[in-house]
Structures are given as structure tokens and as C-alpha cells.
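A.B. asks: Listed below are the residues making up each chain.
Protein chains: 2
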Amino acid sequence: MKKKAVFYHAGCPVCVSAEANVAKSLDHQTFDVETVHLGKDKSRIQEAERAGVKSVPALVIDGAPFHINFGASLADLKK
Amino acid sequence: MKKKAVFYHAGCPVCVSAEANVAKSLDHQTFDVETVHLGKDKSRIQEAERAGVKSVPALVIDGAPFHINFGASLADLKK
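First to last, the sequence lines map onto chains X and L. With our numbering applied, the first sequence corresponds to residues 940 to 1018, in that order. With our numbering applied, the second sequence corresponds to residues 940 to 1018, in that order.
Rather than coming from a laboratory, the hints here were simulated on the basis of the structure. A few of these clues could be false.
[As the list claims (entries may be wrong)] Distance condition first, Cα-Cα at most 20 Å in a straight line; then the derived PhoX-like pairs of lysine-lysine: (1) K963/X - K1018/L; (2) K1018/L - K943/X; (3) K979/L - K941/L; (4) K981/L - K1018/L; (5) K963/L - K963/X; (6) K941/X - K981/X; (7) K963/X - K979/L; (8) K979/X - K993/X; (9) K963/X - K943/L; (10) K963/X - K942/X; (11) K963/L - K942/X; (12) K993/L - K1018/L; (13) K941/X - K963/L; (14) K963/L - K941/L.
Computed from a predicted structure; not experimentally measured.
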């Protein structure tokens, strides 16, 4: 079974670059990679928080959160 | 020809986790992935800086730097 990787972003320039370079560079034979725009899909923010996501862009690989650079804090997206 | 991805780290816990999860999850059919321990191999710090690396762990994918979480600043590694 494939492992799950979720790329959370908010459309920021850093996010777009991280998606194109990092998320798309994952081994798609090992991972199902989902991309979630938290600015548009606010219902997924809680799920991201539970996975340990503090800022976007972030990549949750097999449950472990990795923050890439620093884009926008989740607190700001809730406003 | 394969693209080049370099994972720079300094042996910190965040670095080890990022290497195991992010660097090793890249598509190795597309990328030659090199891991560089900047704490041990200080001669590579300049190269990392030129690529735009400000902190480790960082992944330079095809020349573009992506910082993962925040571990140790390059300035601290020079001490």
C-alpha cells in the first residue's frame, strides 16, 4: 500500500515553488501525494494542525510534519 | 540526465528526521540525492551558502533551496 504525503499550502509564492520542486519530486511509486490549499479549504486546517503543521508550506509525510521555509502561519489563515 | 538534489544537514534531530522522511522520499529515478553533513564537512558551507541555504536541514533541488523546519543556522556551524 502506498504511503500518504500531504502538501499543505496557501498559494503563496514560496508555497508554489515548494510544491513544484519538493512535493512533485517525491517518489510517486511510494507515496500518494495530495495537495491541499488551506486558504481555500479551511475545513482541512484542523487536520493539518493535528498533524503538527504550524505554517505553510508544509509536507506531512507518513504522518510526520515538515515545514518548508516560512510562508504564512495557520493562525493568519483563520482570520 | 538526472537532476541533482543535495540535502544539507548538521546531524541535529530535526535533520535526521528530515533526511529519513523527505530526502529519502524523493524520486531517485529523477534525482541524484547527495547528503552533506555541514558540521563535519565545513568545506561545503560556502557552496551551500551560494545555493541560498540559510539554515539546516535544507534541500537544494535543481539549484533551488528549501529550508525544512529550523535546525541550526549556518553562522553557528562556522564557530
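A.B. asks: Each hint: holds or not?
C.D. replies: To see whether the hints hold, each was checked on the structure:
For the given pair, K963/X sits about 36 Å from K1018/L by alpha-carbon distance, which is inconsistent with the 20 Å threshold. Simply put, K1018/L and K943/X have alpha-carbon atoms about 39 Å apart, too far for the 20 Å limit, and the pair is violated. Of the pairs offered as hints, the one joining K979/L and K941/L is violated, with about 27 Å between alpha carbons and a cut-off of 20 Å exceeded. A distance of roughly 11 Å separates the Cα atoms of K981/L and K1018/L; the hinted pair therefore holds under the 20 Å criterion.
About 14 Å separates the Cα atoms of K963/L and K963/X, which keeps this hinted pair within 20 Å; it holds. Restraint check for K941/X and K981/X: the C-alpha separation of about 26 Å exceeds 20 Å, so the hint is violated. The hinted pair formed by K963/X and K979/L fails the criterion: a straight-line CA distance of about 30 Å is larger than 20 Å. Restraint check for K979/X and K993/X: satisfied, since their Cα atoms lie roughly 17 Å apart, inside the 20 Å limit.
A threshold of 20 Å between alpha carbons decides the hint, and for K963/X with K943/L the separation of about 15 Å falls inside it, so the pair holds. For the suggested pair K963/X and K942/X, the alpha carbons sit about 15 Å apart, so the restraint of at most 20 Å is met. In summary, the hint linking K963/L to K942/X is supported, as the alpha carbons are separated by about 13 Å, within the 20 Å threshold. Distance hint between K993/L and K1018/L is fulfilled; the C-alpha atoms sit about 15 Å from each other, no more than 20 Å.
For the proposed pair K941/X and K963/L, the alpha carbon gap of about 15 Å is at most 20 Å, so the pair holds. Pair hint K963/L plus K941/L holds up; C-alpha atoms about 16 Å apart against a cutoff of 20 Å.
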